[in-house]
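Student: Residues per chain are reported as follows:
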Amino acid sequence: MNIYIYCLLLSMGFLMGALYFVKKRVLNFNYSIFWISISLILVILSLNVRFTESMARAVGISYAPAFLFLTGIVFVLVLIFYLNLTISKMQRELTLLTQEIGIIKSSSSEGETNK
Amino acid sequence: MKIMVAIPAYNEEKNIFRVVQAVKHHHPEVDVVVINDGSRDGTESEAQRAGAFVINLPQNLGIGGAVQTGYIYAGRKDYDVVIQVDGDGQHNPKDLAKLVEVIEKNKADMVIGSRFVEKTEYKSSKMRRLGIKFFSRFVSLVCRRNFFDTTSGYRAANKKVIKLFSRYYPRDYPEVETIVYASKRGVRIKEISVDMDKRQGGSSSITPLRSIYYMIKVTYAILLQP
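As given, the protein sequences belong to chains A and B, one line each in that order.
Per this note's numbering, the first sequence starts with residue 1, numbered consecutively.
Per this note's numbering, the second sequence starts with residue 1, numbered consecutively.
Among the clues, some could well be false.
25 angstroms max Cα-Cα, derived DSS-like pairs, lysine-lysine [as the list claims (entries may be wrong)]:
1. A:105 to B:163
2. B:126 to B:2
3. B:160 to B:184
4. B:77 to A:105
5. B:190 to B:98
6. B:105 to B:24
7. B:24 to A:105
8. B:77 to B:14
9. B:184 to B:159
10. A:105 to B:105
11. B:77 to B:98
12. B:217 to B:126
13. B:105 to B:190
14. B:160 to B:2
15. A:89 to B:217
16. B:163 to B:190
17. B:163 to A:89
18. B:163 to B:77
Quick partial rundown of chain A residues pointing at chain B, CB under 10 angstroms, derived from the structure [unchecked claim]:
19. 32
20. 84
21. 86
22. 89
23. 90
24. 91
25. 92
26. 100
27. 101
28. 102
29. 103
30. 106
31. 107
Label pairs and their in silico Cβ distance ranges [to be verified]:
32. B:186 to A:96: 54 to 64 angstroms
33. A:44 to B:213: 54 to 64 angstroms
34. A:86 to B:211: 25 to 35 angstroms
35. A:89 to B:223: 16 to 26 angstroms
36. B:146 to A:66: 37 to 47 angstroms
37. B:210 to A:90: 18 to 28 angstroms
38. A:62 to B:134: 45 to 55 angstroms
39. A:81 to B:209: 19 to 29 angstroms
40. B:106 to A:89: 33 to 43 angstroms
Rather than coming from a laboratory, the hints here were simulated on the basis of the structure.
Given the structure is predicted, the values throughout are model-derived calculations rather than measurements.
Glycine included, C-beta positions come from ideal geometry on N, C-alpha and C.
Next up, chain A with everything else stripped away, as it sits in the complex (with noise of 0.2 angstroms):
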């Protein structure tokens, strides 16, 4: 089987599964844009032989599925460390409700147990 193929194989199973978890809203909206114009693009990427072996030259490498690969690998880096912003954001909140939730209960308690 041809590499081109099984690309493209593998990108229509992600555009589908990526369209399937927005219908079915399991996958925040915000997200799901990103991982349909992912899978746009590897689809378009392994339709378009020529393309993609010329931006391969482009930038000096002469076996182009090695230019996906390391194509995909940068995305996979950008996607972890977006990751990591999002659990970071999480943390700073949960920090947040567990403070406020510990001074609710504190106060709330005051006449009974506190004091």
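Using the hints, position chain B against chain A.
Tutor: Quick look at chain B alone, frame taken from chain A:
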């Protein structure tokens, strides 16, 4: 002046009663608030038994999150001064008045109780002293003035600082970073000498392995100020 003593405590059932009692004994006029940072032992009941007001965090946030809770609470209850005291009994409450006095006379916004002379008897005392020295020099360089004991957690803060720390306080190992953070925002910081005892129970949160993380984290935090 409305004064509050904030004591962050995580699994300190052996010490917390004595620490709260000591503060209350020396200064019956101040409010003692223990921030129980998700302890799994009897810290809450021991603190209440000693007569402290207890804020129970439903899960462990780490020292920074616990201390910040104290500042947020103090801001809402309109306290004029917050004094941070460690829950393990290292800080001697007889020095409390000295810290408050500096703020009362408006000589500084934040006061640090400092151990100019080291008398720790920890196993890693040499490394520890080296670390303390390193950060004192480093912070002194960054802030362009002398600091001697940047790792001390014995501090008093006025309203300005309470407000500042309610907005941002580092999650872990906050002592050194907060000095630079506050200093860069125009907070007047003063160090005064206090006695510090060897911790009387429980264990220090800084193990040899963690100290490497500590050094890297704090150094980055100072270099990359928000």
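Student: Hint by hint, say whether it matches the structure.
Tutor: Here's how the hints hold up against the structure:
1. A threshold of 25 angstroms between alpha carbons decides the hint, and for residue 105 of chain A with residue 163 of chain B the separation of about 22 angstroms falls inside it, so the pair holds.
2. Straight-line distance between C-alpha atoms of residue 126 of chain B and residue 2 of chain B comes to about 40 angstroms, which puts the hinted pair past the 25 angstroms bound.
3. Pair hint residue 160 of chain B plus residue 184 of chain B holds up; C-alpha atoms about 14 angstroms apart against a cutoff of 25 angstroms.
4. For a cut-off of 25 angstroms, the pair hint linking residue 77 of chain B to residue 105 of chain A stands: about 15 angstroms separates their Cα positions.
5. Our distance criterion of 25 angstroms between C-alpha atoms is met by residue 190 of chain B and residue 98 of chain B, whose separation comes to about 12 angstroms.
6. With a C-alpha separation of about 23 angstroms, the suggested pairing of residue 105 of chain B with residue 24 of chain B holds against the 25 angstroms cut-off.
7. For the proposed pair residue 24 of chain B and residue 105 of chain A, the alpha carbon gap of about 24 angstroms is at most 25 angstroms, so the pair holds.
8. Between residue 77 of chain B and residue 14 of chain B the CA atoms are separated by roughly 29 angstroms; this puts the pair beyond 25 angstroms, and the hint is violated.
9. Our distance criterion of 25 angstroms between C-alpha atoms is met by residue 184 of chain B and residue 159 of chain B, whose separation comes to about 17 angstroms.
10. In summary, the hint linking residue 105 of chain A to residue 105 of chain B is not supported, as the alpha carbons are separated by about 35 angstroms, beyond the 25 angstroms threshold.
11. A C-alpha spacing of about 23 angstroms is found between residue 77 of chain B and residue 98 of chain B, which places the hinted pair at or below 25 angstroms, so the restraint holds.
12. For a cut-off of 25 angstroms, the pair hint linking residue 217 of chain B to residue 126 of chain B stands: about 20 angstroms separates their Cα positions.
13. For the hint pairing residue 105 of chain B with residue 190 of chain B, the CA-to-CA distance comes to about 12 angstroms; that is within 25 angstroms, so the pair holds.
14. For the hint pairing residue 160 of chain B with residue 2 of chain B, the CA-to-CA distance comes to about 14 angstroms; that is within 25 angstroms, so the pair holds.
15. For the given pair, residue 89 of chain A sits about 19 angstroms from residue 217 of chain B by alpha-carbon distance, which is consistent with the 25 angstroms threshold.
16. About 18 angstroms separates the Cα atoms of residue 163 of chain B and residue 190 of chain B, which keeps this hinted pair within 25 angstroms; it holds.
17. A hinted pair counts as satisfied when its Cα atoms are at most 25 angstroms apart, and residue 163 of chain B with residue 89 of chain A qualifies at roughly 21 angstroms.
18. Restraint check: the Cα-Cα separation between residue 163 of chain B and residue 77 of chain B comes to about 12 angstroms, which is no more than 25 angstroms; the hinted pair holds.
19. Checking residue 32 of chain A against chain B: minimum C-beta separation of about 31 angstroms lies over 10 angstroms; hint violated.
20. Against a cut-off of 10 angstroms between C-beta atoms, the interface hint on residue 84 of chain A is violated, since the closest Cβ of chain B lies about 15 angstroms away.
21. Against a cut-off of 10 angstroms between C-beta atoms, the interface hint on residue 86 of chain A is violated, since the closest Cβ of chain B lies about 17 angstroms away.
22. The interface hint given for residue 89 of chain A is broken, as the beta carbon of that residue sits about 13 angstroms from the closest beta carbon of chain B, more than 10 angstroms.
23. At about 13 angstroms, the closest approach between the beta carbon of residue 90 of chain A and any beta carbon in chain B exceeds 10 angstroms, and the interface hint on this residue is violated.
24. A distance limit of 10 angstroms between C-beta atoms decides the matter here; for residue 91 of chain A the minimum to chain B is near 8 angstroms, and the interface restraint holds.
25. Look at residue 92 of chain A: its Cβ gets to within about 9 angstroms of chain B, closer than 10 angstroms, so that hint holds up.
26. Among the interface hints, the one on residue 100 of chain A holds; its C-beta lies about 8 angstroms from the nearest C-beta in chain B, closer than the 10 angstroms criterion.
27. For residue 101 of chain A, the suggested interface contact is upheld, since its CB lies about 5 angstroms from the closest CB of chain B, less than 10 angstroms.
28. Interface hint status for residue 102 of chain A: upheld, as the beta-carbon distance to the closest one in chain B is roughly 4 angstroms, under 10 angstroms.
29. Below 10 angstroms, beta-carbon pairs count as interface contacts, and residue 103 of chain A has one with chain B at about 5 angstroms; its hint therefore holds.
30. Interface restraint check: residue 106 of chain A against chain B, minimum CB-CB distance 4 angstroms, threshold 10 angstroms, status holds.
31. The closest approach between the C-beta of residue 107 of chain A and any C-beta of chain B is roughly 9 angstroms, which is under the 10 angstroms cut-off, so the hint is satisfied.
32. The supplied range of 54 to 64 angstroms is broken by residue 186 of chain B and residue 96 of chain A, whose beta-carbon atoms lie about 25 angstroms from each other.
33. Between residue 44 of chain A and residue 213 of chain B the beta carbon distance is about 44 angstroms. The supplied range of 54 to 64 angstroms is therefore violated.
34. For the hinted restraint 25 to 35 angstroms between residue 86 of chain A and residue 211 of chain B, the CB-CB distance of approximately 30 angstroms keeps it satisfied.
35. At roughly 23 angstroms, the beta carbons of residue 89 of chain A and residue 223 of chain B sit within the given window of 16 to 26 angstroms.
36. The hint said 37 to 47 angstroms for the Cβ distance between residue 146 of chain B and residue 66 of chain A, and at roughly 57 angstroms that hint is violated.
37. With their beta carbons about 24 angstroms apart, residue 210 of chain B and residue 90 of chain A fall inside the hinted range of 18 to 28 angstroms.
38. Between residue 62 of chain A and residue 134 of chain B the C-beta distance comes to about 51 angstroms, which sits within the given range of 45 to 55 angstroms.
39. Under the hint 19 to 29 angstroms, the C-beta atoms of residue 81 of chain A and residue 209 of chain B, about 27 angstroms apart, fit the expected range.
40. In this structure, residue 106 of chain B and residue 89 of chain A meet the distance hint of 33 to 43 angstroms, their C-beta atoms being roughly 38 angstroms apart.
In this structure, the earlier hints numbered 2, 8, 10, 19, 20, 21, 22, 23, 32, 33, 36 are contradicted, and the remaining ones agree with it.
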